[in-house]
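Let's have the full structure, built from the sequences with the hints guiding it.
There are 2 protein chains.
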Amino acid sequence: MLPTRDDLHFLLFDWLHAETLSALPEFGHADADSMQAMLDAALTLAESEFLSHAAKSDANPPQFRDGRVELMPEIAQALAAYRDAGFFGMEAPLEDGGLGLPYTLVASLGGIFSCANVATNGYAFLTQAAANLIREVGSEDQKRRYLPPMVEGRWYGTMCLSEPQAGSSLADIRTVAEPLADGRYALRGSKMWISSGDHEISENIVHLVLAKIPGGPAGSKGISLFIVPRRHVDADGNAGQRNGVTLLGLNHKLGTHGQVNCLLGLGENEPCIGELVGAPHDGLRGMFVMMNEARIGVGIGAAMGGYAGYRAALAYAKERRQGRAVGERDAASPMIPIIEHADVRRMLLRAKSYVEGSLALCLYAARLIDDAKTGSAEAQALVDLLTPMVKAWPSDYALEANSIAIQVHGGAGYTRDFPVERLWRENRINAIHEGTNGIQAMDLLGRKLLADGGRAFAQLTARVEATLAAARADAALAPLAEALAPRWANLVPAIQAAGNAARTDMDLALANAYLLLDAMGHAVVAWLWLDQALTASRALSGARGPRLSLLQGKIAAAHYFIAWELPTKDAPLARFAALDPLCRDLDPEVL
Amino acid sequence: MLPTRDDLHFLLFDWLHAETLSALPEFGHADADSMQAMLDAALTLAESEFLSHAAKSDANPPQFRDGRVELMPEIAQALAAYRDAGFFGMEAPLEDGGLGLPYTLVASLGGIFSCANVATNGYAFLTQAAANLIREVGSEDQKRRYLPPMVEGRWYGTMCLSEPQAGSSLADIRTVAEPLADGRYALRGSKMWISSGDHEISENIVHLVLAKIPGGPAGSKGISLFIVPRRHVDADGNAGQRNGVTLLGLNHKLGTHGQVNCLLGLGENEPCIGELVGAPHDGLRGMFVMMNEARIGVGIGAAMGGYAGYRAALAYAKERRQGRAVGERDAASPMIPIIEHADVRRMLLRAKSYVEGSLALCLYAARLIDDAKTGSAEAQALVDLLTPMVKAWPSDYALEANSIAIQVHGGAGYTRDFPVERLWRENRINAIHEGTNGIQAMDLLGRKLLADGGRAFAQLTARVEATLAAARADAALAPLAEALAPRWANLVPAIQAAGNAARTDMDLALANAYLLLDAMGHAVVAWLWLDQALTASRALSGARGPRLSLLQGKIAAAHYFIAWELPTKDAPLARFAALDPLCRDLDPEVL
Chain A
1 MLPTRDDLHF
11 LLFDWLHAET
21 LSALPEFGHA
31 DADSMQAMLD
41 AALTLAESEF
51 LSHAAKSDAN
61 PPQFRDGRVE
71 LMPEIAQALA
81 AYRDAGFFGM
91 EAPLEDGGLG
101 LPYTLVASLG
111 GIFSCANVAT
121 NGYAFLTQAA
131 ANLIREVGSE
141 DQKRRYLPPM
151 VEGRWYGTMC
161 LSEPQAGSSL
171 ADIRTVAEPL
181 ADGRYALRGS
191 KMWISSGDHE
201 ISENIVHLVL
211 AKIPGGPAGS
221 KGISLFIVPR
231 RHVDADGNAG
241 QRNGVTLLGL
251 NHKLGTHGQV
261 NCLLGLGENE
271 PCIGELVGAP
281 HDGLRGMFVM
291 MNEARIGVGI
301 GAAMGGYAGY
311 RAALAYAKER
321 RQGRAVGERD
331 AASPMIPIIE
341 HADVRRMLLR
351 AKSYVEGSLA
361 LCLYAARLID
371 DAKTGSAEAQ
381 ALVDLLTPMV
391 KAWPSDYALE
401 ANSIAIQVHG
411 GAGYTRDFPV
421 ERLWRENRIN
431 AIHEGTNGIQ
441 AMDLLGRKLL
451 ADGGRAFAQL
461 TARVEATLAA
471 ARADAALAPL
481 AEALAPRWAN
491 LVPAIQAAGN
501 AARTDMDLAL
511 ANAYLLLDAM
521 GHAVVAWLWL
531 DQALTASRAL
541 SGARGPRLSL
551 LQGKIAAAHY
561 FIAWELPTKD
571 APLARFAALD
581 PLCRDLDPEV
591 L
Chain B
1 MLPTRDDLHF
11 LLFDWLHAET
21 LSALPEFGHA
31 DADSMQAMLD
41 AALTLAESEF
51 LSHAAKSDAN
61 PPQFRDGRVE
71 LMPEIAQALA
81 AYRDAGFFGM
91 EAPLEDGGLG
101 LPYTLVASLG
111 GIFSCANVAT
121 NGYAFLTQAA
131 ANLIREVGSE
141 DQKRRYLPPM
151 VEGRWYGTMC
161 LSEPQAGSSL
171 ADIRTVAEPL
181 ADGRYALRGS
191 KMWISSGDHE
201 ISENIVHLVL
211 AKIPGGPAGS
221 KGISLFIVPR
231 RHVDADGNAG
241 QRNGVTLLGL
251 NHKLGTHGQV
261 NCLLGLGENE
271 PCIGELVGAP
281 HDGLRGMFVM
291 MNEARIGVGI
301 GAAMGGYAGY
311 RAALAYAKER
321 RQGRAVGERD
331 AASPMIPIIE
341 HADVRRMLLR
351 AKSYVEGSLA
361 LCLYAARLID
371 DAKTGSAEAQ
381 ALVDLLTPMV
391 KAWPSDYALE
401 ANSIAIQVHG
411 GAGYTRDFPV
421 ERLWRENRIN
431 AIHEGTNGIQ
441 AMDLLGRKLL
451 ADGGRAFAQL
461 TARVEATLAA
471 ARADAALAPL
481 AEALAPRWAN
491 LVPAIQAAGN
501 AARTDMDLAL
511 ANAYLLLDAM
521 GHAVVAWLWL
531 DQALTASRAL
541 SGARGPRLSL
551 LQGKIAAAHY
561 FIAWELPTKD
571 APLARFAALD
581 PLCRDLDPEV
591 L
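Residue numbers (our numbering), protein chains in the order written: chain A, 1 to 591; chain B, 1 to 591.
It cannot be assumed that every hint is accurate.
Identical copies look the same in the list; a pair holds intra-copy or inter-copy alike.
[To be verified] Here are the simulated EDC-like cross-link-like pairs (lysine to aspartate or glutamate), alpha carbons at most 16 angstroms apart as the crow flies:
no.	residue 1	residue 2
1	Lys318	Asp587
2	Lys221	Asp282
3	Lys373	Glu26
4	Lys221	Glu328
5	Lys221	Asp330
6	Lys143	Asp234
7	Lys318	Asp330
8	Lys373	Asp7
9	Lys318	Glu589
10	Lys318	Glu340
11	Lys56	Glu74
Keep in mind that the hints were calculated from the coordinates and are not lab data.
Right, dumping it as structure tokens:
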């Protein structure tokens with residue numbers, strides 16, 4: 001199931017005013033009509049070429065045969081259609097041959113394809129992220145040689161960070177890059193969990209690889225970044241003979257089967273030649289350009305995976321008849337659609353509040369990225385602060401929505417006859433990759449909240465207070481503002497408590513960071529629900545038909561989330577603020 | 001991974017005093033030593049024959065070939081070893097050729113096999129449950145002909161309730177049973193989701209089938225119960241020619257692949273002959289004998305699925321090295337086992353509190369069943385009250401523990417190289433089958449709490465108060481009693497509010513029943529954790545080594561669950577008590 005056109009319209013135009021981006025010089029070519037046309041084109045293509053093989057490529061995972069990866073042909077066909085429609089270049093600036101779309105729209109378009117088929121979309125997403133990195137930190141020569149085929153979608157990209165012994169702990173990578181006389185480097189090592197790591201569907205693969213140049217500092221300060229093409233690229237940007245990147249094996253995953261995931265050997269049999277990107281030992285900085293975009297991409301992917309499940313469950317609940325209303329005594333009366341049962345509506349509203357809340361969070365962050373591009377330091381600070389929640393919250397709660405979607409289907413949801421079990425499996429990776437959610441919690445508290453003296457948090461609070469003030473003036477929404485205000489305020493002493501502890505015991509301060517990530521994620525999503533409810537409330541008068549239902553649905557979901565879900569984090573936030581040492585001090589032997 | 005011998009010993013003997021059961025005339029043959037010997041035999045057999053093919057039978061689901069089900073040979077081998085060891089008869093009384101073990105022990109033994117391989121254990125579990133039903137409501141002739149081969153494990157059993165158009169809504173089944181001149185019945189219809197529904201590994205399959213005799217009342221009062229053997233059974237109990245039960249197809253499931261799940265046709269080509277069990281139109285009563293046992297079995301299966309994941313994650317966390325302690329600046333220092341990270345310990349303690357809490361809940365209920373067998377009306381009322389929570393709570397929270405187990409593994413947990421993803425998939429069915437958790441919520445509130453005038457709840461409260469009183473006398477546990485007492489007390493006005501509403505608006509009273517099921521489940525599990533902590537606290541003096549660690553672990557988990565988890569249900573319980581009509585009154589069009 002795809003996101004609805006009307007919902008995207010509400011989020012992008014009614015709520016985030018994406019059309020105002022075209023007033024900026026960078027995006028003057030992208031007016032509201034052309035944005036809508038791109039969304040419509042993506043919805044059509046996603047349905048015909050991506051959604052159509054999602055179940056099939058799940059049932060037929062990539063095969064490792066004669067040293068090559070065999071993928072279902074539908075994957076290459078879908079990506080060819082995507083390429084022909086220009087989507088590989090949607091984010092690249094006009095001068096690089098791209099469409100130069102604002103990130104708010106790029107995120108939405110990517111989300112549409114991800115919703116239809118997260119696995120196939122993964123090839124395109126990583127290519128765009130890799131191209132962005134080269135554009136950001138590559139030399140002019142590298143940009144000239146690598147960007148055009150990536151923007152055209154003829155060459156794909158990957159991120160090669162993890163190794164078998166170093167997943168979360170990048171400081172411990174062992175891949176070595178020895179300088180060669182010609183200024184290039186010879187790499188040796190192995191890279192693990194490489195999505196899109198090898199296949200035959202693009203003319204070349206541009207691996208962005210972290211490795212250590214001998215003699216550099218130990219740990220994360222000695223990591224350098226390299227372009228390692230699958231096929232050597234000459235001075236004119238032509239791909240030639242194979243480089244020494246060897247496919248050692250495929251990982252057999254729980255989900256997203258269509259996106260091949262590889263163990264790669266570098267320099268195993270033949271030399272593996274790479275080009276340094278940026279300064280030596282400064283590779284993490286460059287990689288984090290890609291990583292931050294990847295984290296927001298993970299959030300969007302998670303939101304959209306949940307969204308697909310929610311839409312499937314909603315359709316099923318309207319169709320499937322089972323049981324009768326409470327109090328109906330006539331056993332011969334016809335069965336009712338299960339959406340008529342209050343508990344089914346509760347499940348669906350809960351799922352809606354999670355998935356549409358997740359998508360709103362991601363698109364709000366995307367809009368901040370556009371604002372930051374135009375020079376807003378506040379927007380940059382806010383997106384940095386929000387990124388750990390954008391990554392983690394949807395991967396926890398849209399996943400829960402996927403589980404709800406199975407539950408709504410009953411036994412049918414446990415079978416391959418319906419998409420909901422696949423979507424649940426696919427979404428489970430998002431709490432793990434691109435930095436586990438535990439790492440996001442450390443990032444939020446340690447780097448984003450404590451390190452900057454609370455400046456970004458104060459800026460975020462100002463925005464929350466503006467929403468609260470507006471909501472207090474709306475009789476229907478004022479109770480929601482009253483419910484949210486004290487809970488937002490409770491974040492302050494909690495963060496302060498951690499800050500005080502950090503002076504003497506950083507380990508204790510960070511030990512329960514996950515509780516804060518979770519509670520603050522709920523508070524942020526509650527704020528964005530209230531803000532959307534304000535937008536919906538203002539648009540109510542004159543609305544009718546499906547538009548009216550959509551607006552009422554946003555308001556109902558805001559009510560639900562703030563009254564039913566937000567208060568469940570009161571206790572965890574208090575526990576965080578109390579700096580409970582229970583888990584930190586636990587003797588592992590008693591587990 | 002299997003449950004540990006020491007943990008089972010703590011639960012069964014330190015806490016539940018299962019050895020006192022041997023003082024009862026029914027169980028005089030089962031002293032503590034023989035019980036322990038059975039547990040040890042089950043642990044050995046489960047590891048060698050069940051755990052050994054769990055991953056393999058997941059990767060090689062049953063095939064439908066030439067009208068027959070093909071299963072991996074390891075499944076039949078394991079069940080043959082189980083049969084040879086006498087486990088098929090563990091619950092059957094001595095006079096029926098069984099071992100006549102108390103249910104507390106039967107549940108534990110079943111749990112061991114389920115923990116090792118829930119799919120293969122499913123064949124045995126359903127056979128035992130079907131035999132119990134025949135013993136309970138079958139005629140003497142039926143018992144004589146059907147029970148011996150089931151107790152020996154030569155014939156297997158199934159439950160045939162659902163149909164394609166009637167899953168949760170049994171009142172709407174369409175299978176018809178026409179009376180024949182010889183007193184038997186000819187059945188016609190189809191049955192869906194039939195676990196162990198057809199295969200070649202037992203000499204016969206005894207289907208227990210719900211169907212309607214024409215002319216009976218509409219709805220659930222017109223449902224009758226039939227024995228429908230796969231092969232006809234003559235007057236001497238010999239299996240002969242095939243009956244008209246046809247395998248129409250297999251369901252392709254998310255998990256528990258080894259237990260085949262079928263769509264069966266009755267009377268499609270040849271006559272399908274059944275024998276009425278009990279009185280006409282009174283089939284649901286009989287089936288609920290089996291269903292109540294099945295619901296407790298679901299709880300144990302869910303608890304054990306989570307338990308297996310938790311043990312796997314614990315082992316991985318002690319082994320896998322990644323990262324360094326907070327504050328360790330030496331990048332060349334060795335990486336530490338991930339269990340040294342506070343957030344990993346938090347995840348593991350959370351999982352432990354869920355899975356060991358689930359198992360305690362299930363075994364407590366099992367002990368009540370034994371007490372009820374010896375004539376305690378209070379025990380029967382308590383087990384009836386607890387059953388919806390026994391079924392639902394582990395299927396929600398032990399499943400969450402399975403997700404945590406994946407998270408602890410990081411990317412490795414997302415692959416088939418480790419068991420945790422399989423265990424997560426397998427456990428997802430438990431919130432659905434044998435009555436969805438939504439149906440359990442209606443049962444708890446409508447039938448168990450409101451219908452009996454609060455008597456069973458008062459009996460349960462008396463037991464909770466006894467635990468609270470004892471805990472208040474233990475300095476270390478008194479704070480936990482103080483945290484639990486008001487929360488238990490809060491259940492009373494919440495249930496009263498629903499009771500008041502039920503007089504005028506039953507639909508509203510039941511609409512948010514899930515919130516009560518969830519909150520009361522937490523309160524019950526918190527009580528049982530406190531009760532276990534008391535047991536552990538009393539045993540501390542003199543304990544050392546692994547025994548001391550186990551006792552300290554129980555106390556730590558009680559602290560964690562009551563301080564960190566229980567308060568998260570304060571808000572949902574208040575929402576339930578407020579009779580919020582939001583979901584009940586929601587227009588489906590706004591979803």
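Evaluated hints:
no., hint, verdict
1, Lys318 / Asp587, "between (51 angstroms within a copy, 12 angstroms between copies)"
2, Lys221 / Asp282, "within (7 angstroms within a copy, 75 angstroms between copies)"
3, Lys373 / Glu26, "within (9 angstroms within a copy, 78 angstroms between copies)"
4, Lys221 / Glu328, "between (70 angstroms within a copy, 15 angstroms between copies)"
5, Lys221 / Asp330, "between (74 angstroms within a copy, 12 angstroms between copies)"
6, Lys143 / Asp234, "within (13 angstroms within a copy, 83 angstroms between copies)"
7, Lys318 / Asp330, "neither (22 angstroms within a copy, 59 angstroms between copies)"
8, Lys373 / Asp7, "neither (26 angstroms within a copy, 58 angstroms between copies)"
9, Lys318 / Glu589, "between (51 angstroms within a copy, 10 angstroms between copies)"
10, Lys318 / Glu340, "within (8 angstroms within a copy, 49 angstroms between copies)"
11, Lys56 / Glu74, "within (9 angstroms within a copy, 30 angstroms between copies)"
In this structure, the earlier hints numbered 7, 8 are contradicted, and the remaining ones agree with it.
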